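K.L.:
Below are the chains, spelled out letter by letter.
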Amino acid sequence: MTTRVVLPAMLRELAGGAAELPLELPAQVPLAEVLDLAFEPWPVLARRVRDEQGQIRRHVNVFVDGEDARREQGVQTPVRPGATVHVINAVSGG
Amino acid sequence: MTETILGIGTRKGLWLARSRDRRSWELDGPHFLMSEVMSLLFDTRTEPTRLLVGFRSSHWGPSLQHSDDLGATWVEHPDGSIRFPEDTGAALQATWQLAADPHDPAVVWAGTEPHALWRSDDRGETFSLNRGLWDHPHRTQWGDGAGGGAIHTVLPSPSDPGSVLVAMSAGGVYNTRDGAQSWTPGNTGIHAYFMPHDEWPEFGQCVHKVARDVADPSRLYAQNHRGVYRSDDEGQTWQSIEEGLPTNFGMTVVSHPSRADTLFLVPIASDGERVPPGAQLQVQRSEDAGKTWQTLSNGLPGDCYTNVLRDAAGMDTADEPGFYFGTRNGDVFASTDGGESFSLVAAQLPDVLCVRAVTLP
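Going down the list, the sequences are from chains G and X.
Counting from 1, one number per residue, gives the positions in the first sequence under this note's numbering.
Counting from 1001, one number per residue, gives the positions in the second sequence under this note's numbering.
In case anyone wonders, no lab produced these hints; they're calculated from the structure.
Certain hints may be false.
[What the hints assert, rightly or not] What the simulated footprint calls covered on chain G by chain X, stretch by stretch (three residues with Cβ under 8 Å from a Cβ of chain X suffice, anywhere in the stretch; the number is not a length):
#, segment
1, 19-29
2, 39-52
[Said to hold, decoys possible] Here are the computed distance ranges between Cβ atoms for each label pair:
#, chain 1, residue 1, chain 2, residue 2, range
3, X, D1121, G, Q55, 23 to 31 Å
4, X, D1178, G, G66, 53 to 61 Å
5, X, E1243, G, P43, 53 to 61 Å
None of these values were measured; they are calculated from a predicted model.
By construction, the Cβ of each residue, glycine as well, lies at the ideal position given by its N, Cα and C atoms.
Okay, chain X solo, but in the shape it has when bound:
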């Protein structure tokens, strides 16, 4: 019998929800009480499954720890897994993203604040700074989003070991095709209305999240600060797919882990009104790569004034994958029918920063 484990990273700690039927859940936590849990990775590429967690304490700084027994015990590298070299003059503020490399089971990527990309060759125990991106001449012009300046998305390509996409607010999308040696911006077609001197710049766009299509690695979806886009050339040029949506604003986008052209958004009314459209908490789903959209709200509350952050949604790895998201008022919802209906997994937690799920045999 399988077990699904839902990692819920919040402003004040990590909870793990466990279920064998994905209907009744047992909550385990908090781990790392009073720390902002900003990134999670269930790494199933080798046995046993390793859970990596990036978090920060407002007093005691950032930490990255891992567990090889799904949260029973934790390991922290004594010197810190991620350390900016002395010559950079920089200090780690937080690890915003952890991503498993699809080619090498020892390699884990991390995106951090300040804007930097890191690579681990030992399953996330120690990381090296990617100098190609750190030394990029644009770096000093990358701005900070409301939550800080960070690489929040890292998407290594499953079809090309040399290809990785990263995204940041507010710097936009950057791509490498040479194994992370050199990086070029990939923002053509993404509108930057907030830059009135040049609304179509080479970089500086406020991309909130990018997801890769499971069947076609060159197809990507981006939820932007005003705008939803698709790229069919691996993140170089983008076309709007916002027609049919109630709003073009939101923070997160999730692609289906086994079904082509299928993606989920959690829309927010606008950048000036960060509440659900019509105060109805809802998910928008497309099954045709953004040509059409369905509003999904069965089981989700109305008169609702919360929202969902960029990493606070994810899917498990079951044969029929479940979709999960957590809100800023600490509710976590699950759907095991592709978004047709939702049920509550947890309530009254701190505001949810990240959600990741895995289904294990």
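The following block holds chain G by itself, in its conformation from the complex:
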């Protein structure tokens, strides 16, 4: 089953225009690993979402199957094969 990492419109140009990045996960893995895999070809995109210590930026929200990862286990939130991961700019900042 394909796991999908869905990008906000503002970041798609950093992924070659892709709206989402598909992954084939062999098993359940932490969110950090999903983001590492999805963003590996796109290092600038990776830095927009997470800082150099691997933490999700304050005004970026990442949802795993509709649940805000920040309210779960952060970057350790488990992601199942076939899950949908949404990266969304928070309605804050600016």
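Following the hints, complete the assembly by docking chain X onto the known chain G.
P.N.:
Quick look at chain X alone, frame taken from chain G:
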């Protein structure tokens, strides 16, 4: 014919104003729309001139990019130019200052939030953390100013390759004399009224900006949070030069790039009233290293309630250098007669965070 380029970093992007006569200006921008452009450097030490820009998006974090064609195209290092090493546990929030080294044309210094100093040996493409300052035992006691805790001033000495001054709010001035290996505070004489248990501490002063005199590298000027000072011993001890000023509060200080003992301030009424003195936007100029001051306001608005931030003023590199500053309500003013008169370069921009200028042949 020369061209002057004025970099205007704002809360919501970068504009470049270009002029051949410094009277009529063409605005190019915004670059990096919706990003806070906090630091600019026109690096003219090698050809072509490189423009370095430090900015941050409130959503997508900090970035440092450079352009070798004056803003036509931009380059960002894929891994980020400034990255805190894993063992620090820290993450870059913003690059507040970019400074060209006067001895090595490949070296660029950066001051960041959180409080850290960085050195690049490849013209600003990648930087290394200065461990001497990062590991300083005082670091955990440095406070955050209203805008955050950052190294906002980096002044390598043109006379001594081993000497660099940095300043921060609220930690004060620190100096190295051994090539940035070790650092000592240099705040003797700077008043810290807000520390009632010790108003003359070794460090912790809220220095807003420091500028170095062009003719005498050991002479420095500091605009403090309440207080204007001069040092004649390269930033170790300081004497007040605020007599004759309408107020001792302000954010910025700029030294003249070719005239000794000449500096400019943009005063603010007080820390509790952050508007121009008497609601008259004005510049204070000294031509005798702070002994006397002249009020300059020809062409600047009255009934004015904005102010000017620490890096929102600068001078170009023309034979008769122009002086520029931008306000928090997005007006940018220029003077090409040493501050005797000002004219508007741009209006209605977002609040101006930094202004730097260069004049190219």
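K.L.:
For each hint, tell me whether it holds in the structure or not.
P.N.:
Evaluated hints:
1. 19-29: violated (count 0)
2. 39-52: That given contact holds, which follows from 7 residues of the segment 39-52 of chain G lying within Cβ reach (below 8 Å) of chain X.
3. X/D1121 - G/Q55: 23 to 31 Å: 29 Å, holds
4. X/D1178 - G/G66: 53 to 61 Å: Distance hint for X/D1178, G/G66 holds at roughly 56 Å.
5. X/E1243 - G/P43: 53 to 61 Å: 54 Å, holds
Figure legend: structure checked against the earlier numbered hints; the only hint not met is number 1.
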